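Trainee: Residues per chain are reported as follows:
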Amino acid sequence: MKSTRLNRRTLLRGAGIAVALPVLDAMLDGKGLFHGTAHAQTRTPPKRLFTWFFPGGVDPGDWYPDTYGTGYVMKPSLTPLAMNRAHVTVLGGVNLNMNTGDGDGHGKGTGCFSTGAPLTPTASTGHSIDQAARVDLGMMGESTLNLALEGKPCCFTAGGVSNVADVYGEISWQPGGAVVAQRDPVMVFDSLFGSLPPTDPAAARERRYETTILGYVRADITRLQARLGASDRQRLEAYLTTIRELEQQIMMMAMEPACTRPDRPTSAVMGVESNRYTTAKAKIMMDLMAVAAACNLRRFGSFMLGNGSNNSGCASRRILADEIAGGRVTGRDRATAVELDEHTAAHDGDTPVRRYDQIRLYKSYHMTLLNYFAEKLKSFSEGTSTVLDNTIIMAGSELADPVAHSHNNLPFVLVGHAGGAIPGGRAVQCGNVPVGNLLLTLLQAIGSTRTRIGNSTGTIPAILGR
Amino acid sequence: MHTSADSSPVDRGRLWAAKSLSFFALLAAGCTGVISDPGARPNTPVVPNRDGAVVGDAAIPADGSTPSTPCPEPPSLHAYLRRLSRIEYVNSTRVLFGGAPTTLTGVLPTDSEVNGFDNNAESTVFGRTRAEQYRDAARAVADWVIDPARRDAIVRCNPATDAMCVRSYVTRVGRLAFRRPLEAGEIDALVAVAAVANDDPNPYVRIRVATQAMLRSPSFLFRMEPGMAVADHGPMAVKLSSYEMASRLSFLFLRSTPTSALLDAAQSGALDTADGVAAQAEMMMASPEVRASMREFFVGWLRLNKLASVRPNAMRFPQFNETMRSAMREETLRLADDLAWRDGGDLRDLLTARYTFINDTLAPLYGAPTTGRADEWRRFDFPAGSQRTGVLTQPGVLAMNTADHGVLTIIRRGVWALDVFMCDVVRLPPGMIPALPPPMPGQSDRDLLAYHRREPACAACHDRMDPMGLAFSGYDDVGAVTMTDSRGLPVNTAGSIDQLMIGMYSGPAELAPQLRAHPAVSRCMAKQMFRYAFGRSEGDGDNCAVSAMERALRESNFSFRSMVRALVRSDAFRYRAPSPESTGGM
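The listed protein sequences correspond, in order, to chains A and B.
Under the numbering used here, the final residue of the first sequence carries the number 490; numbering is consecutive throughout.
Under the numbering used here, the final residue of the second sequence carries the number 1320; numbering is consecutive throughout.
Note that these hints are calculated values from the structure, not bench results.
Predicted, not measured: the structure shown is a model, and the values here were computed from it.
C-beta atoms are modelled at their ideal positions from N, C-alpha and C, and glycine is treated no differently.
Each hint should be verified, as a subset may be incorrect.
[What the hints assert, rightly or not] Derived list of chain B stretches under chain A, where covered just means 3 residues or more per stretch with a C-beta under 8 angstroms from a C-beta of chain A:
1. 884-891
2. 988-1000
[What the hints assert, rightly or not] Only some residues are given here: those of chain A computed to face chain B with a beta carbon under 7 angstroms:
3. 108
4. 203
5. 233
6. 241
7. 242
8. 244
9. 256
10. 260
11. 368
12. 488
13. 490
[Said to hold, decoys possible] To give an idea of the chain A side of the interface with chain B (calculated C-beta under 7 angstroms), a few residues:
14. 92
15. 204
16. 206
17. 210
18. 237
19. 245
20. 251
21. 259
22. 262
23. 263
24. 266
25. 269
26. 270
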């Protein structure tokens, strides 16, 4: 995919065309995207928020700094991020604090790390931070961008788990269920940019048909809802919401995009199965997420590198070995052999010593990919800042110390500045606060006025440099 | 979950066995997965309450006669608005159009499995990804429908020359898609949608657009069951209409929208009574299509989809390949077919059958002779002295419950058996699992597992899942007999499980008959059927239906068909709650 530079003129042209359309109307009316008027010089870039999940916890001794503050020493697991140290905030002392609800170590961590709300056997009881951002700051029909690389672990029963795949394979939640992530890069591209360029006559015709069908479905849902009871009506309402999102999307597609349309990925470009966690796929997905952010197509979302519970076996082992051999994982001794897959490393390697050894290798790999995403966002400039400056990435995992499967002191790293609210360049000891406090702090940093999320009891001012 | 506090017209004197109390109290306290009370259930195992009174699954009389679990008043009859699963969508497409594009399955959303079943309705937030997948699926089907090679057969008129073509098409296909005759207004609306393509150079695009609209309509994607108020069941129940009954039968037996013939039966009033529904079910159970489709019940119950992700170490198990993977699945389903549909078939033989079905791919795993005819399936009777028993020791089941690490393999195999046959879902406590000490030379997997049982908090669950799993430790990653464990030390499969009242056994062949006789097994079978049929986990309000199925099993030597008969005659199958309640399920 080409690297895309934002062009202020095309951005404005796109916005200008859109004035009659509800979504961009709303974007222009001071909801945070284009403050006040659509003048380039006075435009305040939108604040964006993405969660970024890496599986399997960390080796605490190789992750948490010995002392906190601006002068902290970055531990080796985090050194792939060293070049972006000024944009990074390393957090200690954030606990999941999830003593109620369902789920085992992996499921509870995955299902709750970005919600701070307990799980039922089938779902979350709260919003994840990306969905909360959409609820608090989004417009009618605004979508989040939720991406994952692996399929959900099918059919878990063994190992003592709750039998529900979503809590292992999804990190974006609304009360009641997962916001299922997209896993196919081509589909992601098409939903962002359309499969055909907007000027193609066949595309125009298809948009007309699709708009008619969507109108029919919307009317049909509303008509049938009147005949159903409350709970059934609510289920149809969720379908209706997606129909409205698709209607907005198709209107957006009719417009020239706010920035250069990137090349559509092909399976040849991917070079991988569409449902597998590989480096190539991770990068393509992060490219799409970055361009969606830069083009203001999506402001909020989630990215899931892998599932903490997937025994992808030789696959993850081979990928990591290749990355190390190719010198693409930095900060690690290449001689160290990759012997265990990720879940096994977190779980039942022969000895704790060897497990930590493997876990550290994987963390370097994960942080190398996180750094890639940061670099990608940084490559888009917005006035005098970059998209990274106006974004906050909340990177986290479902476990703290995987050998204990614990949730105390969960590993969180923030990358970006949320439009200047978060100074970065420091490590913050949060002092054993529930994860909700972190979520609330970040939501407020991007402009939300809410005062609670999940198990929050307050905010963490030190993240904001206070 | 029952506790003595919230139910108990049970005659305590008839409780199955006094000693079982402690076990079931333990289950009630924290180590089982009953879904009715989310949030209130602690995850941390609790030491059994020695004098705890219980009921629930323990309420089985000592003589093994019908349990006296009461029907709650009124039963819940709760019914979710169910979305078509992937398989149901594809099957329905076949009913509508006589076929489906080969790419369709890949386009459709995958289903989240709950308790092994992929048709669960409990977690169904309808996100944008799903909406896009349904959009693409409808387009793929509609393109396939108007392909010049088949459109005449499917559309049965020419939209270029016949002004009524779209109308007759949506009237006929819409009845199958919406599983009822269309209202006049619905036909008009679809005709109007198709008209958007009136100036398209290809007149069949009108058919395409109408097809897309039908397939994205909530009437197709969701199984609407508004029902109708009836006097006989009071205000808490509405009776399902004849067409809704046709749908329930069709989705239960064929995982598909009803055929035209079944809709005709509904129209004739044949499904208005319990007897009529039962007669239709009886007819359907005789058909090979239904028997093939009901394999999905066993796939879900036995969690066979786990086989798809099995990856034995290629160096140690070079014989494993895709052919073997599918043969393993087929073996288990052949035994299930045999027990479900053969006259005299006994579902308990899933635990204790002394035979299985093999082909040449599987024969070496059993040390059985090959025939040279690769595809030939045959019954294989276990030789005297073999520890093999039922599905418990089938290679596929063993392989899919194998982990990269010996100790975890043992635990998984134990957990699987508890979950599948006793509905005893063992959960890990949240976090803070103490690390096992590093293994010493000469310590076997069994020795390592013993650590789990020293801590009372761990032992509460490990005391039953470890000995259960150790019974199956005499089989390697692909299910062949092995003499040594993962640490190279001799295997010892003997044990006993006090929590489950299971006495000493030397291996699976002595464990399985004790499981077979265990009172939790019949109830669990009924629960599994309930979950499959209703797309949700059973709760307190569902005891009527579950008990009726359990009773049918016990009174028929565990005949699968008898259980299904009880299911379709149950109120839960023919009535539903009027759905005013907001369940918080969304």
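Trainee: Any of the earlier hints contradicted here, and which numbers?
Mentor: 1, 2, 3, 7, 12, 13, 14 and 17
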